[in-house]
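J.: Keeping their order, the protein sequence lines are chains Y and W.
Quick note: the first sequence, position 127, residue 127 per this note's numbering, numbers continuous.
Quick note: the second sequence, position 49, residue 49 per this note's numbering, numbers continuous.
Because the hints were derived from the structure by calculation, they are not lab data.
In this text, all values refer to a predicted model and were calculated from it rather than measured experimentally.
Wrong hints could be hidden among the right ones.
[Claimed, not checked] Listed next, the in silico DSS-like pairs over lysine-lysine satisfying Cα-Cα at most 27 Å (straight line): (1) Y:Lys223 to W:Lys70; (2) Y:Lys324 to Y:Lys23; (3) Y:Lys346 to W:Lys152.
[What the hints assert, rightly or not] Rough simulated footprint, nothing fancy, chain Y against chain W, three-plus residues with beta-carbon under 8 Å: (4) 138–145; (5) 157–163.
The C-beta atom is built at its ideal place from N, Cα and C for all residues, glycine as well.
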Amino acid sequence: MSQSINELVDNCVNAEEGLVNRKIFTDNAIYRTELEKIFTKSWLFLGHESQLKKNGDFFTQYMGEDPVIITRDRDGQINGFLNSCLHRGMKVCRLDSGNARSFTCIYHGWTYDPKGDLVAVPYEDKIYPNSFDRKEWGLVKIPRLQSYRGFIFGCWDEDCISLEEFLGDLRFYLDIFIDRALGDLEVMLGKQRYVCAANWKIPADNFAGDDYHVPWTHGSYMKLGIVSDHYAEFPSNTVTFPHGHGIGDITLGGSIYEADLQAAEEFGPEAVEYVKASAKKLQDSLSSTQAEIYAFGHGNIFPNFSLNDFSALWPVGLYWWHPKGPESMEVWQMSLIDTGAPDHLKQVANARFTHVQSAAGAFGQDDSENFEQVTEATRGVIAQRSQFNYQIGLDVEIDEEIKSKLPGVVGPRMSEHCQRNFYQVWKEKMLEGSPK
Amino acid sequence: MTNGSSVELQHNIEQFLYYEASLLDDGLHNEWIDLFTDDMQYFVPIRETLDNPEQGVGGADNIPLMVDNKESMKLRIARLGTGMAHAEMPRTRTRHNVNNVMIDVIDENTYNVRCNINISASRLETIEFNYYGYRLDTLVLIEGKFKISQRKVILDQTLLPRTISILF
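Using the sequences and the hints, build the whole thing.
T.: See the structure below:
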C-alpha cells in the first residue's frame with residue numbers, strides 16, 4: 001500500500017508534539033518534492049555584492065540542484081540565470097568566478113551576454129528557420145532577484161512574497177553585524193567546499209537553534225577551556241520567525257561584548273580599540289537592544305543557508321547546505337570581513353575561524369561526523385519506525401521583559417522551538433497548493 | 001628541477017619525509033610536531049576553478065582552509081587528545097604517500113623541497129576518501145637534524161571529499 005507524498009509529508013511532521021519522522025531525511029520521493037516545493041518557491045541566498053565589484057564580474061552558485069550564474073552586467077545591474085544553454089543544456093560557464101563579456105557554450109557556440117540574452121548563434125542565417133528569434137532563447141532568468149544590505153537573494157517563483165517580508169524581523173538581528181562593521185563587509189575570495197553524506201535539513205535544523213549539542217558535540221573545546229564549562233547556563237535565547245528561520249546565542253546584557261573585549265587583549269591594544277570602536281558604531285547606528293546583543297550568534301535562513309557571527313574578532317561565516325540527493329550535500333562556506341578592521345586582525349580572525357566552524361575546524365569536523373552518522377543510522381526499516389524527538393522547551397515560558405525586547409518568537413537557549421518551527425514551515429511549503 | 005642536491009642529500013631528505021609521514025599514519029602527533037621549528041608556518045589554501053589556474057592557489061585575500069603556527073597546531077593536537085574530538089575517534093586510518101621529491105638547495109642548512117602527496121583514508125565502516133596535491137616545504141638543518149620551518153599544502157581538489165580531520 002503506497003502513501004501519496006502529501007499523506008507521507010503530513011504524517012511525518014508533528015510540530016506541536018515535537019516529533020519528526022525519519023523518512024524525510026532519506027526518502028527519494030520526498031527529496032524530489034522538496035526540490036520543487038521548497039527550492040523553487042523560497043528566497044535563496046546567492047552571494048554577497050562584494051563578489052561582483054566590477055561590471056562583467058560573475059560567480060556560479062546552486063539553487064537546489066540547479067546551477068546558476070550571477071553577474072554584474074555592463075550597466076552595473078545584478079542578473080541571475082540558469083547555467084544551462086537553451087540549445088542542448090550544456091553549462092555555459094564552468095568557472096567558479098571571474099569577469100566576462102559573454103558566456104559561450106562550448107558545445108555549439110551559442111553565446112550569451114551578462115544579462116543572459118542570446119547574442120550570437122553560429123551559422124544562424126544559414127541553418128535556422130526564419131521563425132527562429134534569438135530573443136526567445138535567452139538563458140532562463142531568475143525572475144526575482146533582490147539584495148538586503150549587500151546580501152543577494154533569488155527566487156524562481158514570480159509570485160513569492162517580498163524579500164523584506166520573507167526575512168521579517170530577522171533583519172533586526174542581521175543588522176547587528178552589518179552595522180557593527182567599521183567599514184564595508186567584504187567576502188574573502190573563494191569558498192571552502194566539502195561533501196557531507198547527509199540530508200541537507202540536518203545541518204539547517206542544527207544551525208536554526210540547536211544550542212543543546214554544543215557542550216557534547218563540541219566538548220573538546222570545553223576540555224581545552226575555549227568554550228566555557230558554564231555554556232549551558234548562560235542566559236541567552238533562541239528566536240524563530242514566521243517563514244522558518246531560526247537563530248540562537250542571542251544574549252542580552254552585554255556579556256558577549258565583555259567577552260570580546262577580554263579576548264581582544266590577547267591580540268594587543270589595536271584589537272581592544274577595534275572592539276570598542278565596533279561597539280560604539282553599533283550603539284550609534286542601532287537600538288540599545290541591538291547594541292546589547294553585540295554579536296548575532298548563529299542561525300539558519302530557511303531553507304538551507306546558515307550563518308554565524310560570534311564576535312568582532314571573527315569573520316561572519318556563511319554556509320550553504322546544497323542538496324545533492326536525499327543522503328548527500330555539498331557544504332559551501334565563505335566568510336565576510338570588515339574592511340575597516342586593522343589588517344593583522346583580519347588575519348587573526350581568519351586563522352581563528354579556520355580552527356572552529358570551517359572545513360578543517362573542530363566544530364565543522366565534529367558536526368559533520370554527526371550529520372553523516374545520523375544519516376547512516378536513519379535509513380533502515382526499523383530505524384524509520386521511530387521518530388526524532390524535538391520536545392525540548394515545549395512547555396517553557398519566557399520572561400515577558402525578554403520577549404518584549406527581542407523581535408520574533410523567543411525561547412530559552414535550551415529549546416528546540418526553532419527546529420519545530422523549521423519543520424512546520426517545511427511541511428506547510430511541501431503541502432502548498434495541494435488539495436487538503 | 002632538483003638544484004644543487006646530491007644523491008646522499010636526496011636520500012636523507014626522502015627518509016626524513018617518509019619518517020614524518022609514518023608519524024602521522026601512526027597517530028604520533030606529539031612526535032610529529034617536534035619536527036617543526038618553533039617559528040613554523042603552515043598553510044593550506046583553498047583551490048578554485050578560475051580562468052588562470054594559478055589564480056586558484058590562495059593568496060592573502062582568499063579564505064584559507066588552514067593557517068597555523070606552532071601554537072595553533074599544538075592546539076589541534078591537544079584537541080585530538082581530549083577524548084571528545086569525535087571526528088577522529090576512533091582515529092581515521094591513513095596512508096600519507098609522498099613522492100616526486102625535488103630539492104632546491106638554498107644554502108648548506110636550508111632546502112626548499114617540493115613533493116607530491118596522495119593520502120588515502122578509511123574511517124569507521126564505509127567512509128573512504130583521498131586527498132591529493134603537492135607540498136612545498138622549507139627544511140632547515142639544526143644540529144644535524146632536519147626541521148620543517150614552512151609548509152604549504154596545495155590540494156588539487158576544489159570540492160573536498162569531506163571535512164579535514166587529518167593533518168597533512
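J.: State for each hint whether it applies.
T.: Outcome of the hint check:
no.	hint	verdict
1	Y:Lys223 to W:Lys70	20 Å, holds
2	Y:Lys324 to Y:Lys23	17 Å, holds
3	Y:Lys346 to W:Lys152	20 Å, holds
4	138–145	violated (count 0)
5	157–163	holds (count 6)
Hint compliance for this structure: hint 4 alone is broken.
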